[in-house]
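Number of protein chains: 4
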Amino acid sequence: MKNCCPAQYMTLGSKPREECGVFGVWAPHLDISRLLYFGLFALQHRGQESAGMAVSVGNALTEYRGMGLVSQVFDERILNILRGQGGIGHVRYSTTGSAVQANAQPIFLQENGYKLALGHNGNLVNTRILREKLKREGVHFETTNDSEVMAKLLMKYYSTGMTIEEAVEIALPQCQGAFTLAIITPRKVICLRDPLGVRPLCIGKQEQNGKTAYFFSSESAALDIVNAELIREVQPGEAVVFDMNGMKSFFWTEEKPTQEKICMFEFIYFARPDSYILGRLLHLCRQKMGTNLAGEVNFDADIVISVPDSGTPHAIGLAKATGIPFMEGLIKNRYVGRTFISPSARMRKTKVRMKLNPLKEVMKNKRVILVDDSIVRGNTSKQIIELIRDAGAKEVHMAVASPPVKYPCFYGIDTATQEELIASQMTIPELTKFLGADSVNYLSIDGLIDATGLKYDQFCLACLNDKYPIPIKHQLSLTKLALEPD
Amino acid sequence: MKNCCPAQYMTLGSKPREECGVFGVWAPHLDISRLLYFGLFALQHRGQESAGMAVSVGNALTEYRGMGLVSQVFDERILNILRGQGGIGHVRYSTTGSAVQANAQPIFLQENGYKLALGHNGNLVNTRILREKLKREGVHFETTNDSEVMAKLLMKYYSTGMTIEEAVEIALPQCQGAFTLAIITPRKVICLRDPLGVRPLCIGKQEQNGKTAYFFSSESAALDIVNAELIREVQPGEAVVFDMNGMKSFFWTEEKPTQEKICMFEFIYFARPDSYILGRLLHLCRQKMGTNLAGEVNFDADIVISVPDSGTPHAIGLAKATGIPFMEGLIKNRYVGRTFISPSARMRKTKVRMKLNPLKEVMKNKRVILVDDSIVRGNTSKQIIELIRDAGAKEVHMAVASPPVKYPCFYGIDTATQEELIASQMTIPELTKFLGADSVNYLSIDGLIDATGLKYDQFCLACLNDKYPIPIKHQLSLTKLALEPD
Amino acid sequence: MKNCCPAQYMTLGSKPREECGVFGVWAPHLDISRLLYFGLFALQHRGQESAGMAVSVGNALTEYRGMGLVSQVFDERILNILRGQGGIGHVRYSTTGSAVQANAQPIFLQENGYKLALGHNGNLVNTRILREKLKREGVHFETTNDSEVMAKLLMKYYSTGMTIEEAVEIALPQCQGAFTLAIITPRKVICLRDPLGVRPLCIGKQEQNGKTAYFFSSESAALDIVNAELIREVQPGEAVVFDMNGMKSFFWTEEKPTQEKICMFEFIYFARPDSYILGRLLHLCRQKMGTNLAGEVNFDADIVISVPDSGTPHAIGLAKATGIPFMEGLIKNRYVGRTFISPSARMRKTKVRMKLNPLKEVMKNKRVILVDDSIVRGNTSKQIIELIRDAGAKEVHMAVASPPVKYPCFYGIDTATQEELIASQMTIPELTKFLGADSVNYLSIDGLIDATGLKYDQFCLACLNDKYPIPIKHQLSLTKLALEPD
Amino acid sequence: MKNCCPAQYMTLGSKPREECGVFGVWAPHLDISRLLYFGLFALQHRGQESAGMAVSVGNALTEYRGMGLVSQVFDERILNILRGQGGIGHVRYSTTGSAVQANAQPIFLQENGYKLALGHNGNLVNTRILREKLKREGVHFETTNDSEVMAKLLMKYYSTGMTIEEAVEIALPQCQGAFTLAIITPRKVICLRDPLGVRPLCIGKQEQNGKTAYFFSSESAALDIVNAELIREVQPGEAVVFDMNGMKSFFWTEEKPTQEKICMFEFIYFARPDSYILGRLLHLCRQKMGTNLAGEVNFDADIVISVPDSGTPHAIGLAKATGIPFMEGLIKNRYVGRTFISPSARMRKTKVRMKLNPLKEVMKNKRVILVDDSIVRGNTSKQIIELIRDAGAKEVHMAVASPPVKYPCFYGIDTATQEELIASQMTIPELTKFLGADSVNYLSIDGLIDATGLKYDQFCLACLNDKYPIPIKHQLSLTKLALEPD
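Residue numbers (our numbering), protein chains in the order written: chain A, 1 to 486; chain B, 1 to 486; chain C, 1 to 486; chain D, 1 to 486.
By construction, these hints were calculated from the structure, which means they are not laboratory data. Heads up, a few of these hints could be off.
Just so you know, same-sequence chains aren't split out, so a pair can sit in one copy or run between any two.
Straight-line C-alpha distance at most 25 Å; calculated DSS-like pairs for lysine-lysine [what the hints assert, rightly or not]:
1. Lys-248 - Lys-135
2. Lys-394 - Lys-248
3. Lys-349 - Lys-211
4. Lys-349 - Lys-248
5. Lys-205 - Lys-332
6. Lys-351 - Lys-205
7. Lys-135 - Lys-394
8. Lys-188 - Lys-455
9. Lys-211 - Lys-332
10. Lys-135 - Lys-211
11. Lys-205 - Lys-364
12. Lys-394 - Lys-467
13. Lys-394 - Lys-455
14. Lys-394 - Lys-188
15. Lys-332 - Lys-320
16. Lys-205 - Lys-349
17. Lys-351 - Lys-211
18. Lys-205 - Lys-360
19. Lys-188 - Lys-364
20. Lys-133 - Lys-406
21. Lys-360 - Lys-455
22. Lys-332 - Lys-467
23. Lys-406 - Lys-256
24. Lys-133 - Lys-332
25. Lys-188 - Lys-355
26. Lys-205 - Lys-355
27. Lys-156 - Lys-320
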């Protein structure tokens, strides 16, 4: 007995979903809201659930946010009335709580005439404790998200008359976890990173007619779209402030952190291939991951194909290294967009075919190496391999250009619970069988590190090796962090 | 003095836009509206302005259509109430008249209790005459589009009590032009092609539990998505009827046409690479176009890059044939969608960077071959070449894997007027200078034909060689067909 | 510290809100969905939160529902595709659970190929027990509303192959409470009332060109709008079935009920004044309530004014009986509609003035009798009296043309909890002071009964005299029935 | 042969429609956008097609406008970002051009850094000439409405560096017609009336905590809703300026006008009954119109009923004067709202019954006097009289509490063309027959003037007596002013 089902968002599969992206601008001479719009547009892959902006003009601070894509939330009329000398923007995919307007960011607060707005990318691990403490002091919470906790903690100090820089220096050391923040007050725009720098953040500049515009962004690719030049990345524990006096920087941590722990998944899959992190162009790192995998495994096949678009650089690297020709075997629907319509039970294969269509003539009777950047839950890989077999491939060898993802992320990525992470549940032979492949090969951690050209200890590799750089309480270590409602 | 500008749809550039796609299904045992939904979803590239369906149940015929993408027009609730034994669907990009609801298809008519709906891909060349004739007979028109003329001509005969097959046989021979039609009456679903078969159309079948579902589609890739098998293409001048008795076929032309004139642009750019036309997988034809261009020109460069996604197969073909390595040099924004927000004048480069971002490290100091499938107006190519030069390329050689497009299309594609077709306005040296390239090379017509594996006289090549297979009145031959409002 | 407030629906005040209205039609020859639309439009006052329809054609049963007013949920395109030989419609204001799509009615169920849809007006008192029982049998619930329980109880029997009439006869006797139901299956439309007939329901007919259309409606005024003639009311415990064979009726209770207990509040306020219940035109009953109040109290004043529109008939009756002239003293905003914008704290009086504006020249220095149909929470009356005093009235005598509402309703009306019912919390002198009036007078229960021309024992008067005709468990008797989520 | 009809807005009938309302506020200490919202909400009856606001903060001026009701155009998020020290608002019903976004007001212009926005109520009679002149000077027009002409004429002078007051003094004398304007620049809010003061305009004030807020409004009832006190009306030819220095006033005409010509239709029907014009409460004027009609005609009947709500004051006045009892005979649907759904041809009576339902028991076998404020086209009156006859009335005597409307309005009201004005096409006996009444009686012009307590020459009575106070070119005098598109 079944009621009319509520509409559900149909996604292809099990790729981890980044929770957020932030973007900011200080440019009294430019059209702030339009710059924020295009910046967020370029960061859309980091969050498709909601989008928002906060801009300041004079002593006013206004915000506008809504559910949906950047292009759905904002229109010309809204951009025209969002004027200011500076602004911050945010895109979000929520992992805790339901998808509701109240969770959209930036979070806007005012108290005693003090106003601030905050956008967050990351995840705290001591949210509960901080929230309980604030609640005992009389603070009321409207959501269960950690971003509200950080915003209200900041406001607690800021509303006493401190400068926002002082408030940051007192409030932030109380927060444990991964966080890249964008903060705006009526006269200043601020961005900062946690002491380990888990989530990326960089600064850009644009000179025009003798006037300087400053930008910050989760990824450098969003600086390109607004024609700004990447100056440098924000360092772990550093806060950068933009105001009428230009740009200045300070470390909000007691001591300047000496260790970075950037998220490896940004390198493998999340960030755009045209972004730079720690000076590395991710596209080239990903090609090298394919190259390195070719060096670790003795592949023997007729063609190399990729799961487009994210697996293509890895596949090209692997193809070149092995000498096996790269072919386009799976065609991605050029116009695929969001759809909330589910195929009925009978139309099982429609779901994956909406995004990918196999080319039989390319794969028929061929021994195929299928390259993907990573495997998380495994369901999509299984469906794709079935498509390839239906297309007549003789053999399908799954080549994963990263190591097995076995441990959940507590620092801002919605991978899955440990139970859902297929690599933590099966041995390689079991996985090979489950996926219906002839073989499954992963890149080693060493091969991965080598592909980035960076050092082992610069990364957070917790999802790969169970070494969490920020302590997680035991009960959280095996399941996803679930925050109780207020 | 300037009022608030009305919002405008921001498109990257100058690619020709296909006007329409049709899809149909006969399957009393299946969920008709959901099958139509996914079929149209797979044809979304053929028209993003409006979408619609008509379904029949018992003696009823109902339609639903709206402006926007398939996923925007339909939702679960609408699909749930669109029930039937058969249905047709349509996606549209309009080239004449403004983008309004009234132009969305299928067109639904009823007269004297007779009901039919019609969806059209193509363009008539004798619309004016037919419409004048019908108006003199008292027929009222609500739009200026040729599809309404065809629908009302059919209804003129059908409403006298003829079968729909008889009406087709009397009405259609009066129509001159390119047309692929989807027609539905309460008891039948019909598809047909014009006598030259300018626009593609194919038939599919799905057997399940002893029951047969029939499908037709502008492109075979849409059959894949609903898990149907491609049986064959509809022949020029053929009409195929689906009803309770299964499928039957007849030629509505006086004699069975002996000559096909399929649109070459479907092969070069329009149709999905994973579609088959005349038995050829377009992806492989396009690779071969790149290969053949490599055979005609003596390329000397460091890397081959493509304008993604449509130019990629051609680029891979060219790279393999020349031995120059293929690289991804332009990254396409994974989440680019429709936006109606325009960058301001100051943000000139933002427009192209919203879709494509160049990888400096890939192109710096390199001699680059930039492969695209075709050039129409030339503006986008110019912008892309500027991006590549900004990224540090030493030389940029434009390789166009098709011949120069010099003549406008009057058969259903919105290329441009002749004045806008850059290849008809400039010599190769002029074009090279205009685009800012170091060289520009086109594929020859012979090289193109060879890449398809078909014969010269199977194609409509009017846009390339000025030989229009369906006579166009002189005054129309240099400008786009403009229909006067009623 | 305060976040941006979520939008709230601004209502003037404390009038009890009817929870639902039902409407149905059987007319294979007419435009079913349009008739349902206008019927629901006329019942809009019975529920503004959601609206829905279910129609049947052939063996199909389809439904469409949404949040908002009838005119917001349906448009031409939706009505055009909702075709059928019969249909039911529903408008709803929910009192339990939040306002969400899932609660909109009709509820649509299908199981084993059996389909039915149900719309409900009323409230069960044994929901918990029934739900627990069904849950133990494996039935899953999506909402907490009692309507889903009734629908699933019916389906439990109907899906075994019984006729819907048989299912009604087995399922309904298990339900205790007040309920008027509209039910539709692919071939039949049914309406029925509970054994006491607490909520109203009547039947209409329209003859045109020798064809008969049947209607049923919560109120007769909705029959007028579709030009149908009121035939009769449905009797307590009676079910009326409409299908291809016309109309037939049976009693689903073991014995034909002998006692009616119609809700008195339908007479006082809820139902439209142009509706008939038990043969009485409510407008005239309400005038008589004013007349009778004039007979019970010795009024001495200069003018009589009403709280428009609902208090106007009572005021006219009272004015005529006392000889004190009736004047329009409070002007109702002609275009007031739904607004979700709240006046800020500083704009306290804006809220009531959005709906009512006092005429100073009419009331200045006058002794005013303010007539209203009833008082529930008292807040609005208090605000209105303040408005009248601000306008310069010398005295304000509140005349309530019904008895004090002291006890909550458990049969389908959202009055309030007992604590919120002002008459249960204060003596008349306290109330007079609270409202800021010079005097407050209520009509007696006898005077009320007399005004209807009916008998004492034909009514449910529970909210006035604490005599609940359907037993309520003790713990429910002082507070509103709160259903726990599933 | 008929296509699916486009949705049309269903209105009951033929009442003249006011074209616009304006509202303004200067209050740096208050929530400007919320005050504008409620002001416009109270003026909603003056225009339901579009609504808009412009607010200024610092040197910025921003506007937001859209199609639909005030409550549909604005929401909490929009009001929150529309901050400022002053603002103007506008509601509009367009009579020329189609209902499109571009016609929504305020019109916003900027040139050479000079910004202004303008809202208009009224109609120019020399639009063509002014526009031609401006076009020859290079001004581009986006709409055909006269408001754009006035705005651009003002900007022509303002953008040269003049003060806005100087620009008003040069620009406005070039304009002929009826106009009440609301103007805003970054630092000032201005309102003004034409030299004859055809459209109403008044000023209000609110003192709170020692701070003064200023308001202006088309009608005083909108001052009530924001709790402001009516100070005075703006005089013909006067402009009132609000800024940081408070309020100041000047006459923009060469000499102070000595003659007012206020529109009589504001008194009869348009303005809210709770508004004051020239010191008169319209509700009482309207009652007196009924009283005076009773003095002019020898009525003999059983009951007096009104067409609610607008005809009710007139009916009460007439009832009291004749001694014939006033009864509610037509019940207005409490929740009637906007609907775009049309009843089908078969449902002819549904249209009027959606708004009004007759009470048979009140009217059966009665001789009924039906009182309405005015008759314009006559269709609605005809339908209502048919309803009353269907309800069993023995006689229906139409009493119109204003004189016959025979001549079109060229000063801002969409009455109709002369051909559509029923009183200009028929004699009283013909009209009586057309309406199906037993008699039709109109109030005399003298009786009307007397009811207002003002003098004959204070009014524009053009629609009643063909004396147009502002000269209209001959060809316009019989038909509505039609502006050609640009």
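Original post:
Going through the earlier hints one by one, which of them does the structure break, listed in rising order?
Top reply: Checked against the structure, the hints that fail are numbers 1, 2, 4, 7, 8, 9, 10, 12, 13, 14, 19, 20, 22, 23, 24, 25 and 27, while the rest are satisfied.
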